[in-house]
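Undergrad: The chain contents come next:
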Amino acid sequence: MSNLQTETITMEQMKTNKDNRFLQFWRLFRRKKPAAISFYFILFLFIMMIIGPFVTPYDAAEPNYTSVLETPSASHLFGTDEYGRDILSRIIAGARISLSVSFCAVTLGAIVGSILGLISGFIGKRVDKLIMRTCDVLFAFPELILAIGIVAILGPGLKNVIIAVAFFSVPSFARIVRGATLEVKEMLFVEAEESLGASRLRIMLKHVFPETLPTIIVYYTMNVGTAILAAASLSFLGLGAEPSSPDWGAMLSVSRDYIGTAFHIVFFPGLIIFLTVLAFNLLGDGLREMLDPKMKD
Amino acid sequence: MWQYIVKRLVSLIPLLLVVSFIVFMFIHIIPGDPARLLAGKDATAEEVEMARASLGLDKPLYEQYFVYLKDTLTGDMGYSVKSGAAVSELIGDRILPTLGLTFLSIIWALVVGILIGVISAVFRNKWLDHLGMFIAVSGISLPNFWVGLVLIQLFSVQLGIFPTGGAEGWKSYIMPSFALGAGIMAMIARFTRSSLVESMKQDYIRMGRAKGLGSRQIIFGHGLKNSLIPVVTVAGLQFGFLLGGSVVVETVFSFPGLGTLLIDSIQFRDYPVVQAEILLFAFQFIVVNMIIDIAYSYLNPKIRYE
Numbered sequence: 007m008s009n010l011q012t013e014t015i016t017m018e019q020m021k022t023n024k025d026n027r028f029l030q031f032w033r034l035f036r037r038k039k040p041a042a043i044s045f046y047f048i049l050f051l052f053i054m055m056i057i058g059p060f061v062t063p064y065d066a067a068e069p070n071y072t073s074v075l076e077t078p079s080a081s082h083l084f085g086t087d088e089y090g091r092d093i094l095s096r097i098i099a100g101a102r103i104s105l106s107v108s109f110c111a112v113t114l115g116a117i118v119g120s121i122l123g124l125i126s127g128f129i130g131k132r133v134d135k136l137i138m139r140t141c142d143v144l145f146a147f148p149e150l151i152l153a154i155g156i157v158a159i160l161g162p163g164l165k166n167v168i169i170a171v172a173f174f175s176v177p178s179f180a181r182i183v184r185g186a187t188l189e190v191k192e193m194l195f196v197e198a199e200e201s202l203g204a205s206r207l208r209i210m211l212k213h214v215f216p217e218t219l220p221t222i223i224v225y226y227t228m229n230v231g232t233a234i235l236a237a238a239s240l241s242f243l244g245l246g247a248e249p250s251s252p253d254w255g256a257m258l259s260v261s262r263d264y265i266g267t268a269f270h271i272v273f274f275p276g277l278i279i280f281l282t283v284l285a286f287n288l289l290g291d292g293l294r295e296m297l298d299p300k301m302k303d
Numbered sequence: 003m004w005q006y007i008v009k010r011l012v013s014l015i016p017l018l019l020v021v022s023f024i025v026f027m028f029i030h031i032i033p034g035d036p037a038r039l040l041a042g043k044d045a046t047a048e049e050v051e052m053a054r055a056s057l058g059l060d061k062p063l064y065e066q067y068f069v070y071l072k073d074t075l076t077g078d079m080g081y082s083v084k085s086g087a088a089v090s091e092l093i094g095d096r097i098l099p100t101l102g103l104t105f106l107s108i109i110w111a112l113v114v115g116i117l118i119g120v121i122s123a124v125f126r127n128k129w130l131d132h133l134g135m136f137i138a139v140s141g142i143s144l145p146n147f148w149v150g151l152v153l154i155q156l157f158s159v160q161l162g163i164f165p166t167g168g169a170e171g172w173k174s175y176i177m178p179s180f181a182l183g184a185g186i187m188a189m190i191a192r193f194t195r196s197s198l199v200e201s202m203k204q205d206y207i208r209m210g211r212a213k214g215l216g217s218r219q220i221i222f223g224h225g226l227k228n229s230l231i232p233v234v235t236v237a238g239l240q241f242g243f244l245l246g247g248s249v250v251v252e253t254v255f256s257f258p259g260l261g262t263l264l265i266d267s268i269q270f271r272d273y274p275v276v277q278a279e280i281l282l283f284a285f286q287f288i289v290v291n292m293i294i295d296i297a298y299s300y301l302n303p304k305i306r307y308e
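Residue numbers (our numbering), protein chains in the order written: chain C, 7 to 303; chain V, 3 to 308.
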């Protein structure tokens with residue numbers, strides 16, 4: 007009976023400990039002002055992604071030829087474009103496209119790269135060599151050139167932009183997760199598990215993988231920024247989103263023709279790309295300082 | 003030292019072969035008949051067959067690859083579908099402006115980046131440090147095409163100081179190299195700061211202070227000298243970023259370099275040019291990284307003897 011009681015207490019304690027750890031993390035995180043502000047900004051963008059189409063002041067796609075290229079005013083905060091469409095509404099509508107493309111690409115790259123890195127680091131030997139040499143070959147191509155090459159093969163379009171951006175993030179995830187795995191593999195608890203007779207797959211998934219998660223989270227956050235820039239660059243070059251769509255990069259691409267006559271249509275889409283990428287980079291920096299053991303000095 | 007260089011060069015051969023094979027396969031991976039792709043979209047059936055025969059596309063793949071390799075090594079990269087000119091000539095015309103642009107970008111990025119990094123490290127956790135690092139993280143986050151467009155608006159349209167594009171005269175290089183170098187400058191600044199902060203913790207710095215050396219001599223004479231080696235390596239690794247960025251920045255400024263040639267060729271489906279350019283970009287990147295590696299081992303003997 008008494009045994010059972012202590013056991014229940016420990017379970018409860020463990021639960022509160024877990025809650026406390028999260029709260030502790032949150033309290034520490036909030037003290038990092040740039041990262042915390044970035045987090046709220048990203049949260050805001052996500053809300054816009056979901057409810058955006060319902061709250062935009064104007065229809066993002068409907069042309070209005072009575073208000074073409076209007077400068078920012080009370081009725082159009084960011085002004086209007088060459089078809090008289092409200093730029094603020096288009097930026098809000100475009101959040102859906104630009105963010106989902108980048109998230110899909112990085113998630114895809116992170117999953118494939120992490121699995122490869124985990125396998126490479128944990129199994130080692132020939133498998134490790136094969137995976138790492140393949141990564142070396144991919145690293146031989148400058149990132150954006152690799153992406154441009156892939157889009158040249160697959161043809162322009164957002165789906166292919168996702169594939170291209172995911173492709174170039176695979177080797178860097180693989181390399182980073184491999185490094186983290188190699189470190190974890192040497193730890194005492196892995197040896198203990200092995201001597202207890204746990205299978206390699208179990209050790210890899212249940213013990214090694216969770217330990218590499220902080221590294222993956224930090225790297226993931228920082229990569230979203232890179233992916234937004236890369237996807238916007240491809241759309242800007244005319245290899246990504248349709249020119250008529252409210253994708254941020256595509257908006258900038260079209261706006262080039264109006265430089266000198268209507269600067270606001272160049273300025274605002276670029277500003278939102280900059281702020282979004284900045285937010286992801288600052289959030290990544292903050293998370294790295296908190297999660298990366300090497301940075302904790 | 004020579005032994006190391008030879009070893010590094012030899013280890014490069016397999017990588018170059020694999021990369022060239024991937025680029026060779028480019029034309030075969032694209033959906034459609036390679037002969038038609040290489041002959042151009044408006045080619046007649048006869049022209050397609052001629053292309054097939056003259057390019058050896060009817061031969062087995064490995065044979066085609068050897069021919070491709072031999073041709074590339076002798077500078078024969080095929081003919082442009084769009085203009086009919088030799089690809090090597092087209093690239094030859096464009097390579098100098100792009101090299102000039104990337105060179106200018108990396109120079110200013112190194113100078114300003116190191117300066118900001120040193121100031122941040124010296125005034126660590128003071129407002130100058132925060133300002134320097136804010137500039138750095140902003141630089142990494144800026145879309146270079148947007149920087150280019152804003153520069154055109156400010157300095158060409160409003161102030162009329164610099165031309166909006168082209169590559170005539172030194173003035174036309176200023177804005178593109180600023181837009182292209184901003185990201186690298188930021189990365190160099192961050193890296194210089196952390197590297198210098200790390201070296202300032204070393205014993206020889208403490209020793210210098212104990213001997214009564216002035217802080218200027220400690221920072222520039224001892225600290226910075228030792229922290230610059232990794233900074234140069236990072237600059238080399240970021241060279242790929244520069245090559246990719248040049249495509250975008252050249253497009254903004256209608257700069258007659260390799261980048262605009264690549265984008266024009268993709269849009270025109272001028273595949274021989276696209277293929278040659280991707281190979282060239284990859285080779286440039288590999289060669290620069292190798293030079294950095296060798297320079298690094300020269301500066302840091304520890305690496306050489308491993």
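A couple of the hints might just be wrong.
[What the hints assert, rightly or not] Pulled a few chain C residues facing chain V out of the computed Cβ check, cut under 10 Å:
#1 Phe-52
#2 Ile-56
#3 Thr-72
#4 Leu-114
#5 Ile-209
#6 Leu-211
#7 Ile-234
#8 Phe-273
[What the hints assert, rightly or not] A few chain C residues facing chain V, derived, Cβ under 8 Å:
#9 Ile-137
#10 Met-138
#11 Ala-238
#12 Glu-248
#13 Pro-249
#14 Ala-268
Hints listed in this document are in silico derivations from the structure and should not be mistaken for laboratory results. From the three backbone atoms N, C-alpha and C, an ideal C-beta is built for every residue, glycine too.
Undergrad: None of the hints should be skipped; say for each whether it holds.
TA: Verification of the hints:
1. Evaluation of the Phe-52 (chain C) hint against chain V yields a violated restraint, the C-beta minimum of about 18 Å exceeding 10 Å.
2. The criterion of a C-beta within 10 Å of any C-beta in chain V is not met by Ile-56 (chain C), whose closest approach is roughly 24 Å, and the hint is violated.
3. About 26 Å separates the beta-carbon of Thr-72 (chain C) from the nearest beta-carbon of chain V, more than 10 Å, and the hint is not met.
4. Here the hint on Leu-114 (chain C) is broken, as its CB sits about 19 Å from the closest CB of chain V, past 10 Å.
5. The restraint placing Ile-209 (chain C) at the interface with chain V is violated, with a minimum CB-CB distance near 31 Å, outside the 10 Å limit.
6. A hinted interface residue such as Leu-211 (chain C) counts as satisfied when its beta carbon comes closer than 10 Å to some beta carbon of chain V; here the least separation is about 32 Å, so the hint is violated.
7. The interface hint given for Ile-234 (chain C) is met, as the beta carbon of that residue sits about 9 Å from the closest beta carbon of chain V, less than 10 Å.
8. With a cut of 10 Å, the hint placing Phe-273 (chain C) at the interface with chain V holds, because the nearest CB-to-CB distance is about 7 Å.
9. At its closest, the beta carbon of Ile-137 (chain C) sits 14 Å from a beta carbon of chain V; the interface hint therefore is violated under the 8 Å criterion.
10. A distance limit of 8 Å between C-beta atoms decides the matter here; for Met-138 (chain C) the minimum to chain V is near 12 Å, and the interface restraint is violated.
11. For Ala-238 (chain C), the shortest C-beta to C-beta distance to chain V is roughly 6 Å, which falls under 8 Å, so the interface hint holds.
12. For the restraint placing Glu-248 (chain C) at the interface with chain V, the shortest Cβ-Cβ distance is roughly 15 Å, beyond the 8 Å limit, so the hint is violated.
13. Evaluation of the Pro-249 (chain C) hint against chain V yields a violated restraint, the C-beta minimum of about 13 Å exceeding 8 Å.
14. Evaluation of the Ala-268 (chain C) hint against chain V yields a violated restraint, the C-beta minimum of about 10 Å exceeding 8 Å.
Comparing the model with each numbered hint stated earlier shows that hints 1, 2, 3, 4, 5, 6, 9, 10, 12, 13, 14 do not hold.
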